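**Student:** Note that the protein sequences, when read in sequence, are chains A and B.
Counting from 9, one number per residue, gives the positions in the first sequence under this note's numbering.
Counting from 17, one number per residue, gives the positions in the second sequence under this note's numbering.
Treat the hints as calculated values from the structure; they're not laboratory data.
The structure displayed is predicted, hence computed values, not measured ones.
From the three backbone atoms N, C-alpha and C, an ideal C-beta is built for every residue, glycine too.
There may be inaccurate statements among the hints.
[To be verified] Here are the computed distance ranges between Cβ atoms for each label pair:
id, chain 1, residue 1, chain 2, residue 2, range
1, A, V58, B, S34, 20 to 26 Å
2, B, L42, A, A86, 35 to 41 Å
3, A, G48, B, N86, 45 to 51 Å
4, B, P119, A, T118, 26 to 32 Å
5, A, G24, B, N86, 46 to 52 Å
6, B, E79, A, A86, 26 to 32 Å
7, A, V36, B, P119, 39 to 45 Å
8, B, P24, A, L53, 35 to 41 Å
9, B, T98, A, G24, 49 to 55 Å
10, A, T85, B, S99, 48 to 54 Å
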Amino acid sequence: TQLLEQSPQFLSIQEGENLTVYCNSSSVFSSLQWYRQEPGEGPVLLVTVVTGGEVKKLKRLTFQFGDARKDSSLHITAAQPGDTGLYLCAGVGSGGSNYKLTFGKGTLLTVNP
Amino acid sequence: GAVVSQHPSRVICKSGTSVKIECRSLDFQATTMFWYRQFPKQSLMLMATSNEGSKATYEQGVEKDKFLINHASLTLSTLTVTSAHPEDSSFYICSAQGTDDQPQHFGDGTRLSIL
C-alpha cells in the first residue's frame, strides 16, 4: 500500500510569516500533485510536479519535488489570510491505474490577520 | 476548463432513507469517475472508481451494496447511499477524468447529514 505522510497536520500562523508543508511517500509515484481545499468545496489543483528535483513557482507558493520522486514540499512566502485552507498532496498513479490518486492526510493552515 | 457539477450540494434526511448524488461532467466526456468520502478536517478517501458502462471497482472496506454506483453515460455517474444511517454522514466528492493521461476534475462535493 502506498502511503503519503503530510506534516504538519495543523498550522496556525500570523499574516506575513513563511511556512513549509512536507509530503513524504514510502514509494515512488509517477507524479505528485498539490491541492487546496476550502470548507464545503472540492479540492482545487495547484500544481503537478513530475521530474525529480523539479521546482515550480505559483506567485508566493514554491513547490519542490525530491530527486528520488518520493517527497515534496510546499513553501508559502508572506502568508495571507486568503491562503487559509486545507492543503493536500496526492500521489499520481497507483493500484494499476495511470491516474489513480492517493491523498495525504492534509495540512490545515490558518493564517491570522 | 473542465467543469464537474455535483448535485445536490447538501442533503439532510432521516435514518433509513436512500440518497442519490449525481456527478456530471459538463463540457467533456468522462471515461472514468471517482467517488471520495471526506470526514471533517480529514483527507479524501477513495471509495470507488467507475468506468462508463461497466461495474464500479470498490476500495477495500467499502460496501458495494451500501454505496451503489452507476455510470450509465460518459457525462453522468450517480452514487446512491442505501438505507443511510447517521454514521454515513459525511462530505462526498466526485471527480471525473477524460482519458487515462488527463487529470481528475473535482466537483464541489455533497454534504450528507443523516438524522
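**Student:** Go ahead and decide if the range 35 to 41 Å is satisfied by the Cβ distance of B:L42 to A:A86.
**Tutor:** At 36 Å between Cβs, range holds.
**Student:** Return holds or violated for the Cβ distance of A:T85 and B:S99 against the range 48 to 54 Å.
**Tutor:** holds (50 Å)
**Student:** Does the Cβ pair B:E79, A:A86 satisfy 26 to 32 Å?
**Tutor:** Since the Cβ atoms of B:E79 and A:A86 sit about 47 Å apart, the hinted range of 26 to 32 Å is violated.
**Student:** Using the Cβ atoms, figure out if A:G48 sits within 45 to 51 Å of B:N86.
**Tutor:** For B:N86 against A:G48, whose Cβ atoms are near 25 Å apart, the range 45 to 51 Å is violated.
**Student:** How does the Cβ-Cβ distance of B:T98 and A:G24 compare with 49 to 55 Å: does it lie in that range?
**Tutor:** holds (50 Å)
**Student:** Regarding B:P24 and A:L53, is the given constraint of 35 to 41 Å on their beta-carbon distance met?
**Tutor:** violated (24 Å)
**Student:** Confirm or reject the claim that A:V36 and B:P119 have a C-beta distance inside 39 to 45 Å.
**Tutor:** violated (19 Å)
**Student:** Looking only at beta-carbon atoms, does the pair A:V58, B:S34 fall within the given range of 20 to 26 Å?
**Tutor:** About 42 Å separates the Cβ atoms of A:V58 and B:S34, which means 20 to 26 Å is violated.
**Student:** Is the hinted range of 46 to 52 Å satisfied by the C-beta distance from A:G24 to B:N86?
**Tutor:** The hinted range 46 to 52 Å holds for A:G24 and B:N86, with Cβ atoms some 50 Å apart.
**Student:** In this structure, is the beta-carbon distance linking B:P119 and A:T118 contained in 26 to 32 Å?
**Tutor:** holds (28 Å)
Taken one by one, the earlier hints fail for this structure at numbers 1, 3, 6, 7 and 8, listed in ascending order.
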